[in-house]
Amino acid sequence: MNSLTFARARRGLALLAVTACLAGAQPALAADAPPATSEAATLVQPGNNAATFRDVRRGENQSITFQAPADRTLIQASGERWRQLRNGPITVWGGWMLVGVFIALAAFYKLRGKIMLEGKPTGRLIERFNSVERMAHFVLAGCFVLLALSGLTMLFGKHVLLPLMGHTLFGWLAWVAKNLHNLTGPLFFVSTLFFVALFARDNVWQRVDALWIRKAGGLLSGEHVPSWRFNFGEKTWFWIGVTILGLIVGISGLVLDFPGLGQIRQDMQLAHLVHSVGAILFMSLSLGHIYIGTIGMERAIDGMKSGYVDETWALEHHAYWYETARGRKVSKDDDGTHTPAAAPNHH
Amino acid sequence: MARMKFLCDTERCIECNGCVTACKNEHEVPWGVQRRRVVTINDGVVGQEKSLSVACMHCSDAPCMAVCPTDCFYRTEEGVVLHDKDVCIGCGYCFYACPFGAPQFPQSGTFGLRGKMDKCTFCAGGPEEDGSEAEFEKYGKNRLAEGKLPLCAEMCSTKALLAGDAVEVSNIFRERVIRRGGKGVEAIGWSTAYGKGSADADTRAAAATAPVPEKTGGAQ
Amino acid sequence: MLVKRSNRPSGPASSAQADTASTFSAPRGLDRRSFLKSSGLAAGVGAIGAGLPFAMVRPADAASDSKAAGAVEMRRSVCTHCSVGCAIDAEVKNGVWVGQEPVFDSPINLGAHCAKGASVREHGHGEHRLRTPMKLHNGKWERLSWDAALKEVSEKLLAIREKDGPDATYWVGSSKHSNEQAYLLRKFVSFWGTNNCDHQARVCHSTTVAGVANTWGYGAMTNSYNDMQNAKAIFFIGSNAAEAHPVSMLHILHAKEGGAKIIVADPRFTRTAAKADHYVRLRSGSDIALIYGVMRHIFENGWDDKKYIEDRVYGMDKIREESMQWTADKVLDVTGVPDDQVHLIAETMAKNKPSTVVWCMGQTQHSTGNAIVRAMCNLQLALGNVGVSGGGTNIFRGHDNVQGATDVGPNPDSLPGYYGIAAGAWKHWCSVWGVDYEWVKGRYASPGLMEKSGITVSRWIDGVLEKNELIDQDSNLKAVVYWGMAPNSQTRGKDMLEAMKALELLVVVDPYPSATAAMAASVRKEGVYLLPAATQFETSGSCTASNRSLQWREKIIEPLFESKPDHTIMYAFAKRFGFEKEFVKNIKLDKDKQGWDEPNLEDTLREINRGTWTIGYSGQSPERLKLHMKHMDTFSAHTLKADSGPCAGDYFGLPWPCYGTPELKHPGTPNLYDTSLHVMEGGGNFRANFGVEKDGTSLLAGDGSASKGSDLPFGYPEFDHTLLKKLGWWDELTDAEKKAAEGKNWKTDNSGGIIRVAMKNHGCHPFGNAKARAVVWNFPDPVPKHREALYSTRPDLIDKYPTHEDKKAFWRLPTLYKTVQQQWKNVGKDFPLIMTSGRLVEYEGGGEETRSNPWLAELQQDMFVELNPATAAERGIRDRDWVWVKSPTGSQIKVRALVTPRVGTDTVFLPFHFSGRWMGQDLLNFYPVGAAPIVRGESVNAGTTYGYDVVTMMQETKTTVCQIVKA
Amino acid sequence: MNSLRHAALLAASLSLVLLGGCKESPQVLDKKAGEYQGKVDTRPWEGPAYKGDKATWESDLRARSGNQNELRRMPD
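If you read the sequences in order, they're chains A, B, C and D. Every letter in the first sequence is one number past the one before it in full-length UniProt numbering, and letter 242, counting from 1, is 242. Every letter in the second sequence is one number past the one before it in full-length UniProt numbering, and letter 94, counting from 1, is 94. Every letter in the third sequence is one number past the one before it in full-length UniProt numbering, and letter 635, counting from 1, is 635. Every letter in the fourth sequence is one number past the one before it in full-length UniProt numbering, and letter 4, counting from 1, is 4.
Be a bit skeptical, because a hint or two may be false.
[Said to hold, decoys possible] Calculated pairs, EDC-like style, for lysine to aspartate or glutamate (alpha carbon to alpha carbon, straight line, at most 20 Å):
id, chain 1, residue 1, chain 2, residue 2
1, D, Lys54, B, Glu129
2, D, Lys51, B, Glu129
3, C, Lys232, D, Asp76
4, B, Lys183, D, Asp76
5, D, Lys54, B, Glu78
6, C, Lys886, C, Asp906
[What the hints assert, rightly or not] Now the in silico label distances, taken between C-beta atoms and shown as ranges:
id, chain 1, residue 1, chain 2, residue 2, range
7, A, Leu180, C, Gln594, 55 to 61 Å
8, D, Pro75, C, Ala870, 44 to 50 Å
9, C, Ala71, B, Glu77, 26 to 32 Å
10, C, Val965, A, Gly88, 22 to 28 Å
11, D, Ala12, A, Val160, 25 to 31 Å
12, A, Met97, D, Arg62, 52 to 58 Å
13, A, Met97, C, Trp882, 48 to 54 Å
14, C, Met919, A, Gly142, 54 to 60 Å
Simulated from the structure, these hints should not be mistaken for laboratory data. Backbone N, C-alpha and C define an ideal beta-carbon position, used for all residues, glycine too.
Let's have the full structure, built from the sequences with the hints guiding it.
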């Protein structure tokens, strides 16, 4: 082969290779072996970088210097996975889940209606929550609501509010929401810790809880299942909702809120996934809690509002607690077979 | 004009950081914000050390745009991905999603909360009036509107970093690669930014149909 | 490069985790808008007081009517950060430098810039500049007026002159002065009456200048950055062009892509090495052994250019003999390079001709520097590569005008143009200056001292500290004027601090005097003055790039704050010293905006033109240079030649030698000694500067080896009036020329007539046509010899290749070689690592200026030491750890560890751009308020050791020793 | 019987919903060229420098691109 044809051939090959690479395909120059890593290659350096960059393209870690992202990844692939998850399942399923829970509650309300007191209120009040407890509750609840609303704005606002409000107004709202979210977050986390410490003792397992489970709290039957200060439904909310989900959402939120502590992009992607999934579950559960605490049950809100509940309410919903509050003794081991004394005005 | 793109030729890039300071210079980018940076991989490994300059690649299917909760991004007719700082809330999602680590967040406010996101604009400013002070303050100079290309590429010490219309850029790169006998053919980041196999129909068409420049004494 | 570009906070200028996404602490926003609006008033920490007459206040009105008034003007200048000579277009609006555009037209850089060049506009901010004159009083920096400063400084200097003589002062000039300023400074110091002046070139390429000039004529880069496009093989040794001269890589990579082979030999795998075809790791300081190894292969394989050597080289046989000594095992023992690699270098260089070599401070900064560079010259001579396009010795200079400052500036052993300091030289220059020779003689302490080379900048500290009876002048140095140079670029920092303490007076004239200021203030309470000088963007003037091209800078902005251009300050002092009339005899004075007298720079260049015949600084009139700057687009980026337009036929920047008067229209010389071109087209041949005969051998070039079209097609001596008469060409001179030329030679004939007749009429080279000298018989090692560094980790090699004998009075000082080497023969036991230093791309020189530029400082926030993973592991050091680098001098510096395979296990590398920390202590409190650079770090030279080149007093920085321990 | 049908219906709708999650809905609202969210982002050639002369802008930009190709000024 004379040098001219060789040059032509090489040029042709090169053209092919460039074309392929510009179009994003894998490099076509398989003929040139990638340089060996070993000391044997110290002197020779061919110009085929295919091997060097293959890993980069896959998003695998490379020894990158300087202002590389802290994760030392030149082209990260996990961002794309995060995007798929966030924009896909989390937004779509999460959104429908919240809507679904809401509809379910509405349906339940329609079917079951408000759980009314059976007896007549006596007018005699029992202190259910002292002022510290109520403050803890409302601070936490306030934070929760702010966080939930602002969080929802950030996840779904683009699809729900933006088309209605336009970019300028929504941009402003989202900015408020984001800053509110970031500022409230740490407070929420601290409140959660305080709240858990405050109420954990009354939320431990008690034998009578088994009965509550068996009867599903009497929610459907309308039967009153005796309980201590908190029934098993409340305990579930306390442990799974406030404690576990609260801490998960709180901690993952802090990871996102204080980005300067050395976490890398991948950490934040993960934290965000955990945060948003946790928050959606938390919000779903909270809907139930809010429902039962407000429109779902007559006078349920009194305890949190004023700190005092009527004896009738106490007897019907927290019979054992009522008994003890009235100075009578109930065995801790009572599994529900003990029938509490009739309420004063019970018909 | 079809589509604006960046291309960094790793056979040429010497990590001189000229692109970085050119960008700082042109847009008065504050300390701590790196719209562009140069990275070196396999540092000190003989035969495998490569440097390249990275910034926003103005992706075809831009992940930042997809995850933005306020939809502050938009793409110009030339394919430049820009954003509106009035709508940006500084949530950082674009930074999580971006393959290239392009979005930057200057510190502002309490707790070191993120300020409005800042990134390479392909020297195309933003949605403010072209060449206005408001535009400069938020996004930097608008060189495209002055008929100029991004300063990082224009000032690149070895002409490793190329910017401009995809067809022009591809032609320059191709001519160069052919001259050096097919070495260093990778357009790093292109498949990530502009799609696998078919980033842009026009690019591919251009790459396939543009005439090969005939030169005397080329690669011999 | 993790440490190198820290993304952790360091010092007050804390940066941030670039990518953990968020907490960016921006110390001070420097945006164009707030700059325009609040101008100097918002200078933040830098502000000394609000009442200062900030030059920056003027811009305030620029913003208020940003659109209407103030059209954008373009001013063309040249980057001040390295010798490549990248052109800059500055957009100026109402006196404010608002934009920087690439100059695509420039044939040198085609618009390209490195990090430094792309950020020069920051000079228009100058936030960390010295703003007013200052003096150290009671250990505190106090502001004073220019008038008071000039008065106090000149009175003190005059008192010292009175008491101890003019030689009790030392004047450190600058390689960042324009040609005109550098030239005026040499004149200024001469009129003061001393040769005690020097500048950066001493410590960067003095060995090159001496070694190369003594080999074949001129001590400069023979070809050009552009010409390297024609090379088929490029051998870098002791050069890291990718970081030190990044834009040169535009031409080099262009060559590589066209098929040129690139070899890099270096103790460190540099960014340049990353772009090479072959990388060879050699032991620092063993260059000569490696080069001889290469030459042995060349001779053994018959790859030497025998005809070329026969016709154009003297003494190559001796070199051949010496190279035969360097057998494969010896080379391996000394350099650590196996024979196959040595062979590969030889074969690549020999079979890919023209091949060229590149060297920088990696070769020059050794106690054997002069020999190393001559060995490189000999390699190129053996291959017949000199005087050939694509060949030559491409010696990249460092600072933007270190070439020009060397050519016409403050050298202790020469007047402008390498005329030397013998009586004849003085008479020549006195006639150019229009002053009386006897008057100048009277300014000196004695005629002996007038013709005795001064102390070098590398040794001024010994001029202060050495016992008086041992120094070769009357008094020790009592006062030092640092006029545009960094103290941290000289070795033996610990001794320098002592010297600063011992001085009576220290004056610093600089836009960024702070490193000197802080060092001095840390040991003194009184007697230090700082005078704010303007940068080269605040004045005009010419500068000479490494390829010898001159470019004219336009003034971009008015001097910031109270700063004044150097030549204006010189004139102000000349007035106080009483020689202002003589100083500007042929130079017009202009008034600046504050009413100061400013020597006209065009006139100054014309005076340089009228006197500098030797190296052809005579044809570059300001008019011609300005025309070139305007019509850059007409010059080829390949040949540097303009084929059309008003500069047709010229080479860009009239690369010196541009012989004769401007009217002769010599086009400049793109490649030195190129016989394939007519002398009037930039051709030439080796210089006849060393006589016509040596030991019975003719030194004149062989027949047929004259430049193209020469009427004398053989070797001939340099032209003078007698040769002209002998040849019968005398009558071709005009009557006026005859009068001027009578009794003169081509170098001293101020009419330029001899040059005109020789070149234009007869195609002859005025400096004659001789052979290059492979053997420089007037040097200590006529045949370059490998000698171990004074501080070596190899005692066995010290026995085999010992250094020179001590010297008694060498540049006025006793200088030790053998004594030191023997005393520290076993230094390797406690200090087992070879310590070497070099450049980073973000910073320049001492770094004070570039470390004050936030756009650059952000990229490089820590001083560091590169060490091999194995070396680090042995010491329990991890990447980014703080470590102490301990030197045999007792110094220790605290720096970050950068663990990288870039260096071998026996070597560590430190960058030399840092200052502002001293042995673990931050000197921030010793800086004048607001004038501290953003990034401060330990200076590598705080830990460097004794050691000087045996010809030029170049300092040894590249091969010394240290130990590293975890801090 | 009824409950079975209900269950089937539920399963079908649930799977639809689940499948829906796998599709990314368009994230960016439609925009008119040159106009963005009420603000006019003038196209580069519509600014003060070119006043709508797209052809000149394009040729200027092309010329500018050429400056990045040193081969133009450094022929072999």
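Structure-based check of all given hints:
Taking the CA atoms of D:Lys54 and B:Glu129, the gap is about 18 Å. The hint holds against a cut of 20 Å. Restraint check: the Cα-Cα separation between D:Lys51 and B:Glu129 comes to about 13 Å, which is no more than 20 Å; the hinted pair holds. With a C-alpha separation of about 12 Å, the suggested pair C:Lys232 and D:Asp76 falls inside the 20 Å cut-off, and the hint holds. Of the pairs offered as hints, the one joining B:Lys183 and D:Asp76 holds, with about 18 Å between alpha carbons and a cut-off of 20 Å not exceeded.
For the hint linking D:Lys54 to B:Glu78, the alpha-carbon distance of about 12 Å falls within 20 Å, and the restraint holds. For the hint pairing C:Lys886 with C:Asp906, the CA-to-CA distance comes to about 15 Å; that is within 20 Å, so the pair holds. Under the hint 55 to 61 Å, the C-beta atoms of A:Leu180 and C:Gln594, about 56 Å apart, fit the expected range. D:Pro75 and C:Ala870 have their C-beta atoms about 48 Å apart, which keeps the hinted 44 to 50 Å range intact.
Between C:Ala71 and B:Glu77 the beta carbons are some 31 Å apart, a value that agrees with the proposed interval 26 to 32 Å. Separation of C:Val965 from A:Gly88 is about 55 Å and departs from the stated range, judged on CB atoms against 22 to 28 Å. Distance hint check: the CB atoms of D:Ala12 and A:Val160 are about 26 Å apart, consistent with the given range 25 to 31 Å. For A:Met97 and D:Arg62, the hinted distance range of 52 to 58 Å is satisfied, since their beta carbons lie about 53 Å from each other.
Checked against the hint of 48 to 54 Å, the C-beta distance between A:Met97 and C:Trp882 comes to roughly 53 Å, which is consistent with it. Separated by about 57 Å at the C-beta atoms, C:Met919 and A:Gly142 satisfy the suggested range of 54 to 60 Å.
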